[in-house]
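Read in order, the letters of the sequence shown are residues -22 to -1, 1 to 257 in mature numbering (1 follows the signal peptide of the UniProt record, and there is no 0).
None of these hints come from the bench; they were simulated from the model.
Beta carbons are placed, not taken as given, at the ideal position from N, Cα and C, and that holds for glycine.
Straight line, CA to CA, 30 Å or less: simulated DSSO-like cross-link-like pairs of lysine-lysine:
| # | residue 1 | residue 2 |
| --- | --- | --- |
| 1 | LYS107 | LYS15 |
| 2 | LYS107 | LYS153 |
| 3 | LYS65 | LYS10 |
| 4 | LYS153 | LYS195 |
| 5 | LYS107 | LYS155 |
| 6 | LYS94 | LYS195 |
| 7 | LYS10 | LYS107 |
| 8 | LYS94 | LYS10 |
| 9 | LYS15 | LYS195 |
| 10 | LYS23 | LYS94 |
| 11 | LYS195 | LYS10 |
| 12 | LYS23 | LYS90 |
| 13 | LYS159 | LYS114 |
| 14 | LYS114 | LYS155 |
| 15 | LYS159 | LYS107 |
| 16 | LYS90 | LYS10 |
| 17 | LYS160 | LYS195 |
| 18 | LYS15 | LYS65 |
| 19 | LYS159 | LYS195 |
| 20 | LYS23 | LYS10 |
| 21 | LYS153 | LYS114 |
| 22 | LYS94 | LYS15 |
| 23 | LYS160 | LYS114 |
So the derived label-pair ranges between C-beta atoms look like this:
| # | residue 1 | residue 2 | range |
| --- | --- | --- | --- |
| 24 | SER(-1) | SER162 | 53 to 61 Å |
| 25 | GLU86 | LEU200 | 45 to 53 Å |
| 26 | PRO189 | LYS10 | 23 to 31 Å |
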Amino acid sequence: VRGGRLWCALWVAHLLWSKCSSYPQAQNVTWKSTNFKTVLVWEPKPSVDYSYTVELSPVGGNAQRIAYCIRSSQTMCDLSTAMTDPKACYVADVLSQPPQGATSDLSEFPHKTSPKFCPYHDTELDRPKFTLEVSKGIATLNVTDSPTAIVSGQHLQTLRDVFSEHLHYRVTYWKNKSTGKKTSDYNTSMINVTGLDQGESYCFQVQAYIPSRTYGKQLGDLSHAQCSRDENETILEVYSPAVIISAIILILLLTGIIITVTVVCCKKKAAKAEKKGVV
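From just these sequences and the hints, can you work out the full model?
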C-alpha cells in the first residue's frame, strides 16, 4: 500500500513538473526607461506552446494585470501609462502561461519578478535640444525642456513639470579647436554663460542634471555640440578651398557673360547707327 501511495505521489509530481516545464520561466527581466517612457523586456521568445502575461504592482500594493500584455507572444511590455505615480516604486512579474485559447490545470504558473524600479529616480534622461546666440562675450543658451511619457490632462508633461526646481542643466563648453573644457550648472532653461573671449568661437553641449538623485543617475545624455562663429576667422578658415575656387569660377563666368552681352549689344547699336547714316 505504501509503495502504491509513493508511486502515485511520484506520478503526480511528475505530471506537475511536466506541466510547469512546458511553460519555461522568463529570464533576464529588465527595465528600459528614458524620459519616463518605460518598457519591461525579457527573454526568451516563446514557442507556440506558451505565452507571457505581465502583472505590475507598486511596492507594498496590489498587483495589476496589464490588459495589453496578457497571454502575449511578445517579450516586452510598455508600462509607461500604467505607472500612474512617477514617484512610486514598482515591481513586475512575468508569468509563463498557456497561449491564447488554451487551458491548463495549473493554479499557479512559473513567473519571474523584475528588479525594483522607481521612475522618478531611475529613468534615464535623453539629450536636450537648445538654441545658441553669442554676443559681446556672453553665450545665451535656450534649452527646451524635453517632453516625457507622463500625460496630464491631454498634454505630455515636460521634465520641468515633473522635476520642477530639481531639474538643472550642466553646460560643457570649450574654445573651438581646443581640448580644454569647462562645466557650469544652472537651474533654469534660459542660460547665460559669461566670461568668454570676444570674437572667439566656442562650442557648447548641454545635459539634464538632477542633483537630488544618487550618484551615477544624476546626469542625462549629452546634447549634440553647437559652436559659435569665430569673428576673427579669415575667408580661408570659414570656407574650404573647393568652395572658394567654385565661387571664383562662377564670378568669372558671370563677368564673361556680362561682357559678352554688353559687346554684342554695342555692336548691334553701332550697326543700326551705320544703317541710318547710309540712308
